[in-house]
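Line by line, the protein sequences give chains A and B. If you read the first sequence in the working numbering, its first letter stands for residue 1, the second for the next number, and so on. If you read the second sequence in the working numbering, its first letter stands for residue 1, the second for the next number, and so on.
Calculated directly from the structure, the hints in this document are not laboratory data. Where a beta carbon is used, it is the ideal one built from N, C-alpha and C, also for glycine. Incorrect hints may have been included.
To be verified - Partial list, computed: chain A residues near chain B (C-beta under 7 Å): (1) 49; (2) 83; (3) 84; (4) 86; (5) 423.
To be verified - Each pair of labels, with its calculated beta carbon distance range: (6) B:387 / A:294: 35 to 41 Å; (7) B:387 / A:241: 35 to 41 Å; (8) A:474 / B:385: 17 to 23 Å; (9) A:522 / B:167: 24 to 30 Å.
Claimed, not checked - Short derived list, chain A residues pointing at chain B, Cβ under 8 Å: (10) 50; (11) 80; (12) 488.
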Amino acid sequence: MFDVLVIGAGHAGCEAAAAAARRGARVGLVTFRSEDIGQMSCNPSIGGVGKGHLVRELDVFDGLMARAADRAVIHRRMLNRSKGPAVQGPRFQADRKLYRAAMAQLMAESGVEIIVAEATSMRTDGGRLTGLETSGGTLDCRALVIATGTFLDARIFVGEEIREGGRRGEQASVALGQQVREIGLAQGRLKTGTPPRLDGRTIDWSKLEPQPSDQDAWTMSALDDGCRIPQLACAVGRTNARTHEIISSNFDRSPLFAGAIEGRGPRYCPSIEDKVRRFADRDGHQIFLEPEGLDDHLVYPNGISTSLPADVQLDFVRSVEGLERVEIVRPGYAVEYEFVDPRRLRWTLEARDLEGLFLAGQINGTTGYEEAAAQGLAAGLNAAAHARDLEPVTFDRRTSYIGVMIDDLTLQGVSEPYRMMTARAEYRLALRADNATTRLGAAVLEAGCVSELRHMAITEHFERRSSQDWSSTGEGQADALYAPYVERQEREWAAVQRDTRVAIPPALDFASVPGISTEMAERLEAARPETLDQASRIRGVSPAALSALYVAASRRAA
Amino acid sequence: MSIDTIFALSSGRPPAAVSVIRVSGPLAHAAGLQLAGSLPAARQAALRTLRGEDGGILDDALVLRFDGPASSTGEDVVEVQCHGGRAVVDAILGALEQIAGLRGARPGEFTRRAFENGRIDLTEAEGLADLIEAETESQRKAALTLAEGGLRRQVEQWQERLLQLSARSEAAIDYADEDDVGIDPALISDCAALAADLSAWLERPRVEPLKDGVRVVVAGPPNAGKSSLINAIAGQERAIVTDIPGTTRDHIEVPLSLGGVPVLLTDTAGLRETEEPVERIGVERSQVLVQAADVLLWLGEPDQAPVHRRLIRLHPRADQSGRTAGPPDTLAVSAKTGLGLGTLLEQTAELARSVLPAEDAVALNRRQARHLAEARDAVAAVQTVDDFVLVAEQLRAARSAFDRLTGRAGVEDVLDALFGRFCLGK
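If we strip away everything but chain A, and leave its shape as in the complex, we get (with noise of 0.2 Å):
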C-alpha cells in the first residue's frame, strides 16, 4: 500500500512525489520511462519575472527544481535589473543533461519509488480513491497525484502531419484521459508549440549580438552547494521583412490557421506565425539563441516557436541574418492537448469530487516548469497530508505566487495557458524574489516537510533578519523601501479579510439567490467561492450580484 502514488515524471510529478515523501509517505512515481525524469521538454531555461519568484517560493519547501537548476547553470541573467527588487526576476539556461543529471540524483535521495509503467485507470470506491490500475499491475494508495503534463489525448502538429502523443516519441495516455472525462474533470482543449532546434556549429555567431551571463554567480537555491560550472553567453538573432514574407505566404499550411488545430494558445507566448499575422506593421522580432549545454552543439532559437511544415520551418529561419547557413535537427511543432477545469479543485489541489485525486501542473492549464513544479509541491505536500492524516498545506495571495496561483486557477480557471506574471500578484511589492524565506519560513517549519540543513538555514535567515545589520543586507535595503506602499496593502489585506468572514454556504444554489442573473449564478456555480471575497475576484460578476450574494449569505448565517 503506498501512500501516494504519482503520475507522471515532469517538473511537477518530481516536485510532488519529493515533496509528499519529505512529509514522510511512503510514495511512488509512476512513469513510461525513467529517463524522462528533469527531462525540459521545451526551452531549458528555468525562471524569470514571476516564474524565478516561483522557483524561490519552491526552494524554501527544500522543492527539487532550484537546487536541480544551480548544477546546470550555463547562463545566468536577473530580469529587470534596472526596475525595483520586487520585480527582479531570476533566470537560468541549463545544460540539459547536467539539470537531467541533478534531477534524477535528487530523486534517488527522495525515497521515492520509480515504477516504469503506463497509468491506465483510477480504482475508486464510494467517491474516494483507492488505486491504480497500471500496465505492471494494480497499485493501491490513499492519494493520487496525476502530472501527466500534455499527455492526456494529445496531438502532435508539424504542419499537416498530425501525431498522437505529447513530447516527440511518445504515447498519450489515452486510457486515463477518458476517465478523466468520464468523472467530469476535463474542460478542454489547449495548444502549446516548440520552435525548431537549430545545430549551433551552422551558426555565424559573429553575425548576431552576444548577450553575456551576469558577472556575480548568484545562486536559485538559498543553500549554495558550491557548484560552478563554466558560463556560456546567449545571442540575439532578428526576424526580417523577408522571414515574414515566407511565413505569411504559407499560412495556408499551418494547421493553427487551416482550422485543424481548436485549442487555445497564449497570448502573451505566440508562434512567430501568430506574431506575423497579429502584428503585421511589426519589421522584425528578437530571436533568443540560447544553448542547451555546454558539450551539446543543439541550439533553441526561443522566440520563434511554429508549426508550420519543416520545409518552410527551414526556408524561414535562413532568412535570418548569422543564420544563412543553418541546419535545423528536430522541426518545430504545436501540441494540443485536453486539459482540466482547475476550478473542480479545491485550494490544496484535491478534485472537489473524489477524494484522494490530486492534479497538478500543465493538466490544469498553466504552462511552464516552475508553473507545473509549484503545484506539484502544493499537490505532493497535500497529498501526503490527506494520505497520513496531516494539516494541509495552504497557500495565501498575500505570502506567495504559489497562493496567487493557486488561487487564480482554483476560482478563475483559464481560458488560455496560465503562465505567472508578477502583475497577477495585487501584493507584488511584498512578494519578491529574494524573501522567499521570510514570507514562508514559519509556514515551512510548521509543516514539517524540510532537511535538518533548510531547517537550520530558515532559522539563521530569522535570527540575521533581528540582528543589528540587517538594514545594510539586500533584503532589508528592499524591505525599506517598499515599507510604505506594503503597509498600505497590509490595510487593503485586513479589509478583505473582513469578507473572507462572510462565508457562503457549501450548498447555496446561487440561481436560486434573488437578483443573480442565469450568466453570474453560472460563473459563481463553475468557481464555487467559499467566502465573499473569492466570490468578489471572480472576474465578471457585478458589484450587484456581489451584493445580493452578502445578503443571501448573512441571511443563512442568522
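Starting from the known structure of chain A, fit chain B onto it as the hints suggest.
For chain B alone, coordinates are given in the frame of chain A:
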C-alpha cells in the same frame, strides 16, 4: 425563508390630485386581484373599480401589474394610481392592511428589496435613497441622475482608462526579457491627465448641500442682532432674543427653501473673547461653524469679517437713527422694518445656488468623494515615484479605490454604510 408582501403610499402626502400605492412581494398579484377583481397584462395599465373586503367601492383607479424580476423591486408588484384624497388613500391602505400576509412597508424597504434583488447597484441604490429623502426639486433631479446610473457610467469610463494605464505599466515589467515592450514615455503624462480629470470632478459641487441644505451661517460679535435677523428671515420666533450679550450659547438651525434652494440658516453665539465657560464653548463652536459655512452673513464691523469665499457684509439695525446708511460694501438691513431683507434673501439664494450641483449633473456624496479622492491621490502620486514598479503600484491602488467606490471590494463595509442610512429613522 418567507418574504413578506409589503405595501405603502409611494407618492407624497395627500391631499393630492393622484396618489400612488405600491404593493410588492409574492402576494402582490393576489392582493391586487382581491382589490381590483382582475389585473391587466404585465407592464400595462387598466382602469379598475377597487372594492374593499365587504364589496364596498373604494375608488376607480388605474392599476398596473409588473411581474418579478422585471419590476422595480425585482418582485411581483402591483401599483395603484388612485384619487389623491385623504379618505380614499386611507381606505385603500386600510383594505390592503386587512389582507392576510400583507404589511405596511418600513422606510426604505422598497429600495432595499430592489438592491437585494440585484435590480440596482450600490451607487444607484444611494441615488434612490437620496430620491426618497429628496424634499426639493433640485434634490430630486440630482438623485434621479444618480439612480439612473449616471455615476456608474462615469466610473466605468475612469476604470477603463485606468486599466489601460495599468496594462501599459505592467507590460514594461512582465515582458522585461523581450525588446518589444519598452517603457512608455507618455504613460506618466497620461496619468497626470487622469488625475487632473478626477480632481476636476472632486471640485464639483457635492450632494450634501442638496440633501442637508446649503449652510448659511449668521455670525458677528455678541448682540449684533443675529438672532433678530434670523427670526425676521424665518418669519417666526425661533431664536431667543434678549438684550443681554451672549444669549445664544449654542447654534440654532432653521431649514428654509430660498427660491427652491434648500438652505440651513444657522445662528451662532457672538464671537468675542470671554471667560465665561459656557459662553466660551459656544464661541468656539461658532468659529467651527464659520469655517464650515457655505455662505457667511457677517453682522460685525466690515473689516473684522472672517475671510470667506461667499461672504455678505451686513449693516444691521438700519432702522435706528444714525445707522440708516452703512459703510461701503455692506448691505443695510433691519429686522424690525424688513428693510433690505428682500435683497439679502436674493443675494443669499444666488450664492447658495452656486454651491449646489447643476440640475441633472452627477454629484458625489461624501463616501463616493472619499474613494474618488483616494484614486486621484494614487494616480497623482505617479508623478513623484521614479520606480516603474511603484508607478504600477499606484495605479493598482487607484483601481482598488474604484472597487471600493462601486462596492466591488469591501462589500460588507459599503453595505453597512449604505443601509445605515435607511435604519436611521428613514
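Structure-based check of each hint:
no.: 1; hint: 49; result: holds (5 Å)
no.: 2; hint: 83; result: holds (5 Å)
no.: 3; hint: 84; result: holds (4 Å)
no.: 4; hint: 86; result: holds (5 Å)
no.: 5; hint: 423; result: holds (4 Å)
no.: 6; hint: B:387 / A:294: 35 to 41 Å; result: holds (37 Å)
no.: 7; hint: B:387 / A:241: 35 to 41 Å; result: holds (38 Å)
no.: 8; hint: A:474 / B:385: 17 to 23 Å; result: holds (20 Å)
no.: 9; hint: A:522 / B:167: 24 to 30 Å; result: holds (27 Å)
no.: 10; hint: 50; result: holds (7 Å)
no.: 11; hint: 80; result: holds (5 Å)
no.: 12; hint: 488; result: holds (7 Å)
Hint compliance for this structure: no hint is broken.
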